[in-house]
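Student: Dock chain R against chain G, hints included.
There are 2 protein chains.
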Amino acid sequence: MKIYDLSPEISEDMAVYKNKSDKKPKLTVTRTLKEGANESKLDIYVHTGSHVDAPYHVLENGKTIEKISLDKFMGKAVVLDFTKAEGSITKKNFLKKIFFLTNHIVLLKTKNKNEKTFNFEFTYLEKSGAEYLASKRIKAVGIDSLGIERNQPAHETHKIFARNGIPIFEGLNLSKVKQGRYFFYGLPLKIKKGDGSPIRAVLIL
Amino acid sequence: MKIYDLSPEISEDMAVYKNKSDKKPKLTVTRTLKEGANESKLDIYVHTGSHVDAPYHVLENGKTIEKISLDKFMGKAVVLDFTKAEGSITKKNFLKKIFFLTNHIVLLKTKNKNEKTFNFEFTYLEKSGAEYLASKRIKAVGIDSLGIERNQPAHETHKIFARNGIPIFEGLNLSKVKQGRYFFYGLPLKIKKGDGSPIRAVLIL
Chain G
10 MKIYDLSPEI SEDMAVYKNK SDKKPKLTVT RTLKEGANES KLDIYVHTGS HVDAPYHVLE
70 NGKTIEKISL DKFMGKAVVL DFTKAEGSIT KKNFLKKIFF LTNHIVLLKT KNKNEKTFNF
130 EFTYLEKSGA EYLASKRIKA VGIDSLGIER NQPAHETHKI FARNGIPIFE GLNLSKVKQG
190 RYFFYGLPLK IKKGDGSPIR AVLIL
Chain R
10 MKIYDLSPEI SEDMAVYKNK SDKKPKLTVT RTLKEGANES KLDIYVHTGS HVDAPYHVLE
70 NGKTIEKISL DKFMGKAVVL DFTKAEGSIT KKNFLKKIFF LTNHIVLLKT KNKNEKTFNF
130 EFTYLEKSGA EYLASKRIKA VGIDSLGIER NQPAHETHKI FARNGIPIFE GLNLSKVKQG
190 RYFFYGLPLK IKKGDGSPIR AVLIL
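Protein sequence lines, in the order shown, are assigned to chains G and R. Using our numbering, read the first sequence as starting at 10 and increasing by one per residue. Using our numbering, read the second sequence as starting at 10 and increasing by one per residue.
Hints in this document: simulated from the structure, not taken from any laboratory. Be aware that one or more of the hints could be misleading.
Because identical chains share one entry, a pair is satisfied inside a single copy or across any pair of copies.
No more than 25 Å apart at the CA atoms, straight line, and that leaves these computed lysine to aspartate or glutamate pairs for DMTMM-like [said to hold, decoys possible]:
1. K201 <-> E44
2. K106 <-> E165
3. K125 <-> D52
4. K72 <-> D14
5. K72 <-> D22
6. K100 <-> E69
7. K187 <-> D80
8. K50 <-> D31
9. K202 <-> E165
10. K81 <-> E165
Chain G extracted, bound-state conformation:
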């Protein structure tokens, strides 16, 4: 069994969306060993690093993270290699792939790197691609950038998935993973009324 760790380290130096400083996580030491034990508190924007978006992130009546069946965050996964796609991934890109996608967690490997700073020109999933995946009734979707879309002011890609109850994983590091079939685990914290959650994500071969 080989385990691929897909999550970047959570630290004040990590890349955050649009490099906004208020989105940087912070670990504060609250107690030390001299006082009994090393203890700390984490302040984290829930869409930091590897994370998952709940439908409520973009839909007022969408499910919040603690209400979603755990089955959605684990199971058979397919990594699709789109490292040659420029700008965005559209329906056309998927038509060239031969994998069975229904009820799978579909992970999009692009040329996005797990960079130290945010890349404003990241490869994203265009709405026709999102519609295609939703029509295939996939279980969940994931990508290796900190967002699954840009340049779509109405957030169509997010909304297509949200309306279909499909969780969106963002901030996955897929650089060491090849196209193919795996098992995925990326369970969210059970945050009451959460619009998402940071996660530790793995692929298992």
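Tutor: Chain R in isolation, oriented as in the chain G frame:
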């Protein structure tokens, strides 16, 4: 495949260690749908609810959470029923059990309930029990209270596991799980220099 969710909801109302108000988590809304998306920030003491302790929690030179092999947080698990144990679980309690424990994640089901307030008299694992489990070279240990020990001022139970590189899961809800064999997943967030991490934990049958 049956999935048992072992994690209580993370909210300001949840039970925290010794009921200390500074250990309550807080979810702050940072943006709403009218501004583009529902977004929030979570402030959480890392030993809240279902969580895992890294050796660094009690040992200055112990590993921090992001350095521990992911294999330690997933795999074959055994739930042992100690609901009849009073006060503490000792080596003697384990000698009556027939399960093979080496390289397993061993979860201790006690009469601790997933109460809304902290129970100061929770059933704990006494040091002779910790020594026994370490001698069996278990992979990890877990319990259904917010701590694995009390009444041991030198924290011997924590230290025995820490010295042996055995992660400690605390705050698991085992009330719906019977004694037996399962698969466990409880991956920590990859917190740089973390002494522990909140987790979403599951058992799979």
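Student: List in ascending order the numbers of the hints, as given earlier, that are violated by the structure.
Tutor: 6
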